[in-house]
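> Listed below are the residues making up each chain.
There are 2 protein chains.
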Amino acid sequence: MARKTDKRREDLRIKLLDLAEATIIKGGLPALKARTLATEAGCSVGAIYTVFGDLNDIVLATNGRTFQRLGRDVARAVQARPNASPADQLVIMGTAYLEFAADNTRAWRTLFDLEMSTQMNVPKWYLAELARLFGYIAGPLRQIYPDKPDRDIDLMTRALFSSVHGMVLLGLEQRISAIPRSDMENMIEMVLRGMARP
Amino acid sequence: MARKTDKRREDLRIKLLDLAEATIIKGGLPALKARTLATEAGCSVGAIYTVFGDLNDIVLATNGRTFQRLGRDVARAVQARPNASPADQLVIMGTAYLEFAADNTRAWRTLFDLEMSTQMNVPKWYLAELARLFGYIAGPLRQIYPDKPDRDIDLMTRALFSSVHGMVLLGLEQRISAIPRSDMENMIEMVLRGMARP
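Chains as they are written, first to last, in the numbering used here: chain A, 1 to 198; chain B, 199 to 396.
Excised from the complex, chain A in its bound form (with noise of 0.2 Å):
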């Protein structure tokens, strides 16, 4: 009888995933509301908390898998090119941050609006995929810097895709003025190869 409440508690669980990743995809963090999400689940709202602790928990799972698809299409776009360079592997990986950000705007942006403070309690399978995605970054930069501490490289790594980050936002978001993709990608390489220079 145990069992069987479990399997279909996970059958609930992985049917509201799927389908608030399809919201999400679609609509952005503010298209998900519990009602909606029950309706097509053809769950109660009560459901819901039975196998979630609030929405934001569903955000923070489809974040996830968010994460393991950006840190998948980043690693596959360096394993493509097994001959490049440290310098050239950074700048690849930031290229495909881009591509990643623009075909996946809205799951993207979503990465970023959810709420989350150092007092939250953020999950460690969610640490982890962050810290996996910050290991391809340190990579080529201790390559680059054999000499330099850990502690150097770890704030290194974190500047560049911080650096990323902000100018395919504003890029995206066409803050400053509308700008060509390529226009983007030349700014992204300008930052990552002055930063590979030891």
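No lab work stands behind these hints, which were simulated from the structure alone. Just so it is clear, CB atoms sit at the ideal spot from N, CA and C, and this is done for glycine as well. Certain hints may be false.
Pairwise CB distance ranges (calculated) [claimed, not checked]:
hint, chain 1, residue 1, chain 2, residue 2, range
1, B, Lys202, A, Val122, 52 to 62 Å
2, B, Pro228, A, Gln143, 44 to 54 Å
3, A, Pro123, B, Arg340, 45 to 55 Å
4, A, Glu115, B, Glu238, 44 to 54 Å
5, B, Asp301, A, Gly46, 38 to 48 Å
6, A, Phe134, B, Cys241, 49 to 59 Å
With the hints as your guide, set chain B onto chain A.
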């Protein structure tokens, strides 16, 4: 008579702008409501729309003031160090941007929270304010790269601004993890000095 009406309209305009600015500084964009603004100004909701097209226009006008304050802070920081090298100047400006954003977080966030599309008629004074800010960055870059075409300097200016913005944004939101201010300053300096080596 006409002059008296003009004066009254202008007074209401300034009053609404002062109130909207105070609201945004205190509570950010979500705190700004036409009804509350009208109550505070002692006028009808309709009267607001005799001096502003819509609420977005008021936000744009307060953003103009924020931009002016930001530009003034950045310019002052550089002027205070007349012997700074071009690379130093970039670092001084990046640090001033961080400081302004940390001290005026809600008003600064509102600069980027306002929906603004290239389809929208962005006022000339707004674009002029932006151009002035970008001019501060382009100056030292031009000294560092005297032979680069203007187009490259423009892209580099935009790349540097967007990079610093990304580091400040993710840093202040503690998006990746909590980070001390000194580390944020180090990150900004790393990226800017990386770009400031011809």
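> Take the hints in turn and mark each one as holding or not.
Results of checking the hints against the structure:
| no. | hint | result |
| --- | --- | --- |
| 1 | B:Lys202 - A:Val122: 52 to 62 Å | holds, 60 Å |
| 2 | B:Pro228 - A:Gln143: 44 to 54 Å | holds, 45 Å |
| 3 | A:Pro123 - B:Arg340: 45 to 55 Å | holds, 48 Å |
| 4 | A:Glu115 - B:Glu238: 44 to 54 Å | violated, 28 Å |
| 5 | B:Asp301 - A:Gly46: 38 to 48 Å | holds, 45 Å |
| 6 | A:Phe134 - B:Cys241: 49 to 59 Å | holds, 52 Å |
In this structure, the one hint that does not hold is number 4.
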